[in-house]
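Visitor: All the letters of the sequence shown, read from the start, carry residue numbers 1 to 52 under UniProt numbering.
Because the hints were derived from the structure by calculation, they are not lab data. Check each hint, because a few of them may be wrong.
To be verified - With beta-carbon atoms standing in for the labels, derived distance ranges:
#	residue 1	residue 2	range
1	4	43	15 to 23 angstroms
2	7	42	29 to 37 angstroms
3	45	4	16 to 24 angstroms
4	44	3	31 to 39 angstroms
5	3	45	14 to 22 angstroms
Unchecked claim - Computed cross-link-like contacts, SDA-like style, restricted to lysine to any residue with a CA-CA straight-line distance of at most 25 angstroms:
#	residue 1	residue 2
6	38	11
7	38	28
8	38	18
9	38	5
10	38	8
11	38	7
Computed from a predicted model, the values in this text were never measured in an experiment. Backbone N, C-alpha and C fix where the C-beta goes; we use that ideal spot for every residue, glycine too.
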Amino acid sequence: MEGQRVEVDGGIMEGGGQILRVSTALSCLLGLPLRVQKIRAGRSTPGLSLMT
Numbered sequence: 001m002e003g004q005r006v007e008v009d010g011g012i013m014e015g016g017g018q019i020l021r022v023s024t025a026l027s028c029l030l031g032l033p034l035r036v037q038k039i040r041a042g043r044s045t046p047g048l049s050l051m052t
């Protein structure tokens, strides 16, 4: 599995926290590195926010 990676485009459909949680679990189960791009891209405030 050399060079393989789980790549997720967060700009498609919902693209928020659920896609991040599911893709992280998939990456762990497969033992592959994860790359998530454009998380929450279609929202008025894209990206992840810090909970304070």
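Visitor: Of the numbered hints stated previously, which ones are contradicted by the structure, given in increasing order?
Guide: Hint check: 1, 2, 3, 5 fail, others pass.
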